[in-house]
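Asks: Using the hints provided, position chains B and C relative to the given structure of chain A.
Those protein sequence lines, which keep their order, are chains A, B and C. Under the working numbering, read the first sequence as residues 390 to 728, first letter to last. Under the working numbering, read the second sequence as residues -18 to 274, first letter to last. Under the working numbering, read the third sequence as residues 96 to 364, first letter to last.
Be aware that a few hints might be false.
[To be verified] Each pair of labels, with its calculated beta carbon distance range:
(1) Ala661(A) x Arg116(B): 32 to 42 Å
(2) Arg167(C) x Ser408(A): 52 to 62 Å
(3) His300(C) x Ala597(A): 45 to 55 Å
(4) Ser721(A) x Arg167(C): 40 to 50 Å
(5) Ala235(C) x Ile716(A): 31 to 41 Å
(6) Thr558(A) x Gln229(B): 50 to 60 Å
[Unchecked claim] Some but not every residue of chain B turned toward chain A, in silico, with C-beta under 8 Å:
(7) Asp63
(8) Arg76
(9) Arg88
(10) Glu89
None of these hints come from the bench; they were simulated from the model. The C-beta atom is built at its ideal place from N, Cα and C for all residues, glycine as well.
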Amino acid sequence: MTGGARLAWICGGLFVILSVVALGSLLVGAAPVPPGTVFDLITGRGPGQGTERTVVFAIRLPRIAAAVLAGAALAVAGAGFQGLTRNPLADPSILGVSGGAAFGVVLGQVSGLGQGIVEGLGLTALGFAGALVAGAAVYLIASTAGGLPVHTLLLAGVIVGIFFSAAITVLISIVDTNRLGGVIHWLLGSVAPIPPGALGVFALATAAGLWLVLGQARALNLLALGDEGALELGVDAQRVKRRIFAGAALLTGTVVAFVGPIGFVGLVVPQALRMLLGPDNRVLVPAALLAGGAFLLAADTLARTVVAPAELSVGVLTSFCGAPVFIWLLRSRAGRTSP
Amino acid sequence: MTALCRSLVLSFCFLPGIAQALTVVDQTGHAVTLPAAPRRIVSLVPGVTEILFAIGAQDALVGVTDFCDYPPEARRKARVGDMLAPNLEILVSLRPDVVVATRSGNREETFDQIKRLGLPVYLVDEPPSIADLLRLVGGLGQLTGRRDAAAAVAAGLERRITAVRQRVAGRPHPRVLYVLWPEPLIVPGRGSLVSELIASAGGESVTADQAQGYPRMSLEAAVGRAPEVIILARHGARTGPAVREQWQRLESLPAIRSGRLYAADGDLLHRYGPRVVDGLELLARLIHPEAFK
Amino acid sequence: MTPLCEFRHVGFAYPVGAHGRPPFEIRDLSFSLVPGEVLGLIGPNAAGKTTVIRLLSRVLDPSRGEIFLAGRQASRLGRAAVARQVAIVPQDVPQGFPYTVEQLVLMGRFPHAPGRFFENREDLEIAREAMAITGVETLAAEPLDRLSGGERQRVVLARALAQRPRLLVLDEPTAHLDLRYQAECVALLRRLHKDDGLGILLVSHDLNLAAEVSDRLLLMAGGAAVSAGTPEDVMQESVLEAVYGCRVVVDKHPATRRPTVNVVWPDGR
Chain A
390 MTGGARLAWI CGGLFVILSV VALGSLLVGA APVPPGTVFD LITGRGPGQG TERTVVFAIR
450 LPRIAAAVLA GAALAVAGAG FQGLTRNPLA DPSILGVSGG AAFGVVLGQV SGLGQGIVEG
510 LGLTALGFAG ALVAGAAVYL IASTAGGLPV HTLLLAGVIV GIFFSAAITV LISIVDTNRL
570 GGVIHWLLGS VAPIPPGALG VFALATAAGL WLVLGQARAL NLLALGDEGA LELGVDAQRV
630 KRRIFAGAAL LTGTVVAFVG PIGFVGLVVP QALRMLLGPD NRVLVPAALL AGGAFLLAAD
690 TLARTVVAPA ELSVGVLTSF CGAPVFIWLL RSRAGRTSP
Chain B
-18 MTALCRSLVL SFCFLPGIAQ ALTVVDQTGH AVTLPAAPRR IVSLVPGVTE ILFAIGAQDA
42 LVGVTDFCDY PPEARRKARV GDMLAPNLEI LVSLRPDVVV ATRSGNREET FDQIKRLGLP
102 VYLVDEPPSI ADLLRLVGGL GQLTGRRDAA AAVAAGLERR ITAVRQRVAG RPHPRVLYVL
162 WPEPLIVPGR GSLVSELIAS AGGESVTADQ AQGYPRMSLE AAVGRAPEVI ILARHGARTG
222 PAVREQWQRL ESLPAIRSGR LYAADGDLLH RYGPRVVDGL ELLARLIHPE AFK
Chain C
96 MTPLCEFRHV GFAYPVGAHG RPPFEIRDLS FSLVPGEVLG LIGPNAAGKT TVIRLLSRVL
156 DPSRGEIFLA GRQASRLGRA AVARQVAIVP QDVPQGFPYT VEQLVLMGRF PHAPGRFFEN
216 REDLEIAREA MAITGVETLA AEPLDRLSGG ERQRVVLARA LAQRPRLLVL DEPTAHLDLR
276 YQAECVALLR RLHKDDGLGI LLVSHDLNLA AEVSDRLLLM AGGAAVSAGT PEDVMQESVL
336 EAVYGCRVVV DKHPATRRPT VNVVWPDGR
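Next up, chain A with everything else stripped away, as it sits in the complex:
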């Protein structure tokens, strides 16, 4: 079976899974909407207005879209960082990149940016900038002559993350106390229904980041031969790295701008896929897109139903899931070697 055919099968299967999860998520929620009504509404036969229509189309559907986009973006960013650093522990939150993006976004929020289309672009840009700065800082701190040793990389990520957390705290303490609760709530990551204009910006930015990373997927494979080995095969290693880094930072910044920092998705999803599908990035990146979306959507659905009417922050759930995976990876052979 050629590579293309295999990819088509895998993506088809994952798309089915994603659709099932999305349908399930549409059916559950704190407001009682009978499944029949949900189906009627989706197929256009439902009531033209009313509570149930509002719940399904104005609350659940946008939230599902946001969760899928966020999960997809985070998983692809994780796959990109892992390919770049040749280490399966690299993930936007662990590398401190999410922290940098969060700082950028909080800066924007404190300056009054909200969720209009233009403001959404502004927040995304600030998130992207913050992500770039954090990523560059980690790289500069951790890189040695021989590459990026894993322990230095993790330490650098932790330090950069702590630094930006502190910076955010400073920002918060300047902001009036009334906003405090809101910012703290956001910092745990909250998927909420986003207005269509902003959702469009989110989708576009995610597509741009995906294009940057996926376009280099084949070359990324060759980077596993080492910088010299890749150069010898005609790969412009520096250019590939720059593009993937920019793409992964854009994806991270975008997610943080719209749903806040959510951790571990970029760790858990690519790792699971790698174990099932192998390390070929040309398959891994598209699969991460779909599987990441399904994963975060499932987590968010759980977060909003398991203690209804209250809600857990989805970041809490992904951390509970991700921390054991991180520990397992760190202890096993996989944590010491290249992805």
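Replies: Showing chains B and C alone in chain A's frame:
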């Protein structure tokens, strides 16, 4: 005759219901237009819930937050969650005509989302003074079509406030330190409701010159003002006996030497509902016990 | 005949202290390699042999002089174009390389269509052929970290062959192989260059292997060429002793009559 009177009274009661579209100005100065007087209100503010009960509008109240626990009947209303992240689905299913929210406690994102869902939002701010609180009562009366009841409630509150002021008039004002939150130390500053309450209760707040609202302050600076009365606000588990012990240890303070370290129910003083006046009376009793013998 | 590669007065210096390396340079290096020829590059450590490989594959660019590949200036060719002509066979893959044999061999097809996302059927054919030549086709689905040193060496050679280069550069091809695999490697190289007119640049510490397999030798030391010519010309006792700093005896191989070098081991006094 009685039947005629009854039907006349009833028809007058229905008048608000068949009134034209209602436009009110909320407490932040924004105009809120409703197709009719609201019959279903969701309150995301515990203080507002208390006021709605006080002015008799509780029948129109269909949803409250988890924190709306006074009066006890409020607990029987449908819950929409906490103040930071109310459950939008439940809120929408309650089909409210208007949602009352506050800029000091709810997130801006939340009331933006509620507006986007097509629900009118009546915004309030934390009233910085007693006069503003009374205006809030009046505003809610206007919103719910219970202007007269609201006016009566406001008048009653004003009478009690005046009575307290008269009781403590002419007495020397002890230096009072009010501790909203122990760590980090948060105190009432300029233009905050509690500062005005302390003044009305015959005390001199040592933090009245601080920044607007409820700013942080260093413990040293607060202690350096040698308060003669210290009042700790109780908000729940974290502000219990352990906190009292910590403050007891500051033996050099006049307040501790004379044993004038008190705790006060935070709900009374920070919910900006009618019970604020209960809080005022409590403060007065703590600051000038001799005036209430 | 246009040489497959030609160095003309090439000079190169690493930036001082770069990556912790001591300062080093290549001075005025000139040589050429024609199709069907095996050129053995020999010399002690830090003679510049690895730098020559890097210059050839355009990992580094010369600071002086020019390198020509099939008559065209290498600096004017894109990286992929260079990789289509020159294939480097490294000693091994980096630690923890996660891909399978077939996936690695297919990587050799990248320079021929860098823009293509997936390899096509022709690429798969060429890869299988390369694996067959080196005898690793049964290992196609095995991840590399499960193979022995000898098997891995054959796999990296297969990858280089899949590149369909005109010039094959072998960097210490027998470094970790036992005698049997060393012999197999020699046989393979001989078959390749006879059958396909491939040019081979063999970099090796093993002087005897180089003398055995090469048509010509180039002896380098301290970044410059010391001697070039047939194995008999280059393997002179006086020259070798000066370059390597130890006493040697040059003899003739009993079976093949090629020069062999034997070290006169010091007795410790």
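Asks: Hint by hint, note whether the structure agrees.
Replies: Against the structure, the hints come out as follows:
1. Ala661(A) x Arg116(B): 32 to 42 Å: Once the Cβ atoms are compared, 58 Å apart, the range 32 to 42 Å for arginine 116(B) and alanine 661(A) is violated.
2. Arg167(C) x Ser408(A): 52 to 62 Å: Hint holds: Cβ distance 54 Å, inside 52 to 62 Å.
3. His300(C) x Ala597(A): 45 to 55 Å: Between histidine 300(C) and alanine 597(A), where Cβ atoms are some 50 Å apart, the hint holds.
4. Ser721(A) x Arg167(C): 40 to 50 Å: holds (49 Å)
5. Ala235(C) x Ile716(A): 31 to 41 Å: Since the Cβ atoms of alanine 235(C) and isoleucine 716(A) sit about 35 Å apart, the hinted range of 31 to 41 Å holds.
6. Thr558(A) x Gln229(B): 50 to 60 Å: Distance hint for threonine 558(A), glutamine 229(B) is violated at roughly 31 Å.
7. Asp63: Constraint on aspartate 63(B) satisfied, holds at 7 Å.
8. Arg76: holds (6 Å)
9. Arg88: OK, holds: arginine 88(B) within 8 Å of chain A, min 4 Å.
10. Glu89: holds (7 Å)
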